[in-house]
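Residue numbers (numbering that gives the first Met the number 0), protein chains in the order written: chain A, 0 to 156; chain B, 0 to 51.
FYI, nobody ran anything at the bench for these hints, they're computed from the structure. One should not assume that every hint holds.
[Claimed, not checked] Now the in silico label distances, taken between C-beta atoms and shown as ranges:
hint	chain 1	residue 1	chain 2	residue 2	range
1	A	126	B	13	33 to 41 Å
2	B	16	A	126	27 to 35 Å
3	B	17	A	139	35 to 43 Å
4	A	144	B	47	21 to 29 Å
5	B	47	A	52	17 to 25 Å
6	A	143	B	13	37 to 45 Å
7	A	55	B	32	19 to 27 Å
8	A	154	B	24	32 to 40 Å
9	A	128	B	24	33 to 41 Å
Beta carbons are placed, not taken as given, at the ideal position from N, Cα and C, and that holds for glycine.
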Amino acid sequence: MRPYMFLVNASGEYSLCTMEEHYPVSYQESELYQYWFVSTGKRSIIKCIQFQPLGDFLFNLCLLDYIPEKGELCDQSISNNGDVRVVLWTVAWCVEHHLNRFPEHIVVFSGNSMGRNKLYLRYIQMHRAKLVSAYIINILERNNDEIVFYVQKKVNL
Amino acid sequence: MKKIKNLPDNELTKELQLVMESSPKVNSLKSEKMASIKDELEANVKSWGWVK
Chain A
0 MRPYMFLVNA
10 SGEYSLCTME
20 EHYPVSYQES
30 ELYQYWFVST
40 GKRSIIKCIQ
50 FQPLGDFLFN
60 LCLLDYIPEK
70 GELCDQSISN
80 NGDVRVVLWT
90 VAWCVEHHLN
100 RFPEHIVVFS
110 GNSMGRNKLY
120 LRYIQMHRAK
130 LVSAYIINIL
140 ERNNDEIVFY
150 VQKKVNL
Chain B
0 MKKIKNLPDN
10 ELTKELQLVM
20 ESSPKVNSLK
30 SEKMASIKDE
40 LEANVKSWGW
50 VK
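Starting from the given sequences, assemble the full structure and let the hints guide the process.
Here's what the structure looks like:
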């Protein structure tokens, strides 16, 4: 078990969102790059954002719910906890933190369903101006209506 | 492990620490899927010149 720390926004650094917009996050230092927080919507749900290494530079972003009954992290649950906006800002903040630490990394992600992918598309579109100032985001449709999002920090170019 | 439902903040923090320390297993079909198309993903980013 490695130590973990509670994070605060780094002062003086570009930040996508303010502390008020996202949940407080705990970072667990390991090869899995896990960020933890509690979604406090209709009920309290422990969530984990994990950057799964796919290669030397490519990392898959996973948003996982902790399932107490099974004692495991799962990405299949639909929580409908009424706090999607705060959860997505928390994810965005974690991506930003990860890419600030590792600017050479490329983050990829894809929703479990077309509905989830449309939600991601909508939020990216809503905040496009803010996002494109710091990141390159490519969105590719694969077979069977699957969408993959690719994110790279602009400093690399 | 307790079920958490509207626990006070300090109890939530404790619960979160306990869960983190237990290093729970990950059950993610999406992760498996993304790992299975790793070569395609890498080829795409290389074709865009994102990787030197």
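Against the structure, the hints:
no.	hint	verdict
1	126(A) <-> 13(B): 33 to 41 Å	34 Å, holds
2	16(B) <-> 126(A): 27 to 35 Å	32 Å, holds
3	17(B) <-> 139(A): 35 to 43 Å	40 Å, holds
4	144(A) <-> 47(B): 21 to 29 Å	22 Å, holds
5	47(B) <-> 52(A): 17 to 25 Å	20 Å, holds
6	143(A) <-> 13(B): 37 to 45 Å	43 Å, holds
7	55(A) <-> 32(B): 19 to 27 Å	20 Å, holds
8	154(A) <-> 24(B): 32 to 40 Å	35 Å, holds
9	128(A) <-> 24(B): 33 to 41 Å	40 Å, holds
In terms of the numbered hints stated before, the structure departs from none.
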